[in-house]
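Asker: Here is how the chains run, residue by residue.
Number of protein chains: 2
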Amino acid sequence: MSENIHPIFDRLVKRSEREVFLNQKASVFWFTGLSGSGKSTIAEGVERRLLELGYLAQVLDGDNIRKGINNNLSFSIEDRKENIRRIAEISKLYVNSGIITLCSFISPTLKIRSLAKNIVGENDFHEIYINTPLAICEKRDVKGLYKKARSGEITGFTGIDSPYEAPLNPQLELKTENLAIDQGVDKVVQYIIETVRI
Amino acid sequence: MSENIHPIFDRLVKRSEREVFLNQKASVFWFTGLSGSGKSTIAEGVERRLLELGYLAQVLDGDNIRKGINNNLSFSIEDRKENIRRIAEISKLYVNSGIITLCSFISPTLKIRSLAKNIVGENDFHEIYINTPLAICEKRDVKGLYKKARSGEITGFTGIDSPYEAPLNPQLELKTENLAIDQGVDKVVQYIIETVRI
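Protein sequences appear in the order of chains A and B. The numbering used here applies: residue 7 is where the first sequence begins, and numbers increase by one. The numbering used here applies: residue 7 is where the second sequence begins, and numbers increase by one.
One thing to keep in mind: the hints can contain errors.
Note that the list lumps identical chains together, so a pair holds whenever it fits in one copy or between two copies.
[Said to hold, decoys possible] Once the Cα atoms are required to be at most 20 Å apart in a straight line, the calculated EDC-like pairs of lysine to aspartate or glutamate come out as:
id	residue 1	residue 2
1	20	58
2	73	88
3	73	130
4	153	167
5	193	133
None of these hints come from the bench; they were simulated from the model.
Chain A extracted, bound-state conformation:
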């Protein structure tokens, strides 16, 4: 094979070229909140709405992360950190691919979200706080996890016997108590479009 490399190969396809191709700026939107707060439901609604509006977005959440790349991690403190580290690294890859990345993870502490922000890069990291009171999350208990946490069947559960530290200065906060899901989606989509529109 010739060692005379054609100049076109001297440089990788840049993120900015992908952004032009997709007609959007890429960024990470990090949804944090209690289990059952509605994070993933809202993120999935946002993903679909963005697609309808011509934007390419991808939700990363427990369903596609914990069952795939992070299926060898436990819920120990060390593994929770590694869980978030890998998610942040994948988000960084996605952003460099030009894609709007919607991460939906409890990510309960300031420290763990700070880790994610440092990996992704501050300019690309937007914190969206899905603020749903614990009482409501627990009443819903879609996955039956709060019941298990209360009975002691599972331990270290955020909001019950493990702390949730609310974001101090999120880019967007949804108080969902008196907000329909589609209203929440609207608010997030509006914020994202302001960020990603070219």
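For this one, chain A is given, so just place chain B on it according to the hints.
Answerer: Same frame as chain A, but now just chain B:
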């Protein structure tokens, strides 16, 4: 927040919807070959050519994987396996995002590539063998690694003191010895477009 979820939220954005949006079928193209065989150079050329032709592709290689998500892995046998497992899981995420994924990794054994194929799924996994004789790779020695391997400064180096098992039945094989890089890129692009064209 209302528990009456609008029907549109009942389902996630499907891979097929993203493929329609991007006007391409997604798949993983897995480049295997010795260190210095030209895998990444070809993959990068393919990535750019595809973009020019209107296709969205992403190269995953040592540069964006080993320095990011896999920066906590060594070159032990166990960690090499974990390296490939994570790459395959990320490729699966990318394919579900509708993106043509170009993986460029030595991935020296039948077993390790089989692991990758099983994770990605057989229908989405295309093996591209960059067949460059060891003597040529060693003569180039772009990164100076062969020299270090010969001197014993590094051990377990593929082709020197660790085996490379050529694919038995790759979807595409490039014998690069008498092939210019852009010719190699042409061949791969042609094969990929036949696969991803809608």
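Asker: Would you mind marking each hint as holding or not holding in the structure?
Answerer: Hints and how they fare:
no. : hint      : in the structure
1   : 20 x 58   : between (26 Å within a copy, 13 Å between copies)
2   : 73 x 88   : both (15 Å within a copy, 15 Å between copies)
3   : 73 x 130  : between (26 Å within a copy, 19 Å between copies)
4   : 153 x 167 : within (12 Å within a copy, 56 Å between copies)
5   : 193 x 133 : within (14 Å within a copy, 44 Å between copies)
Every hint, counting from the list given before, is met by this structure.
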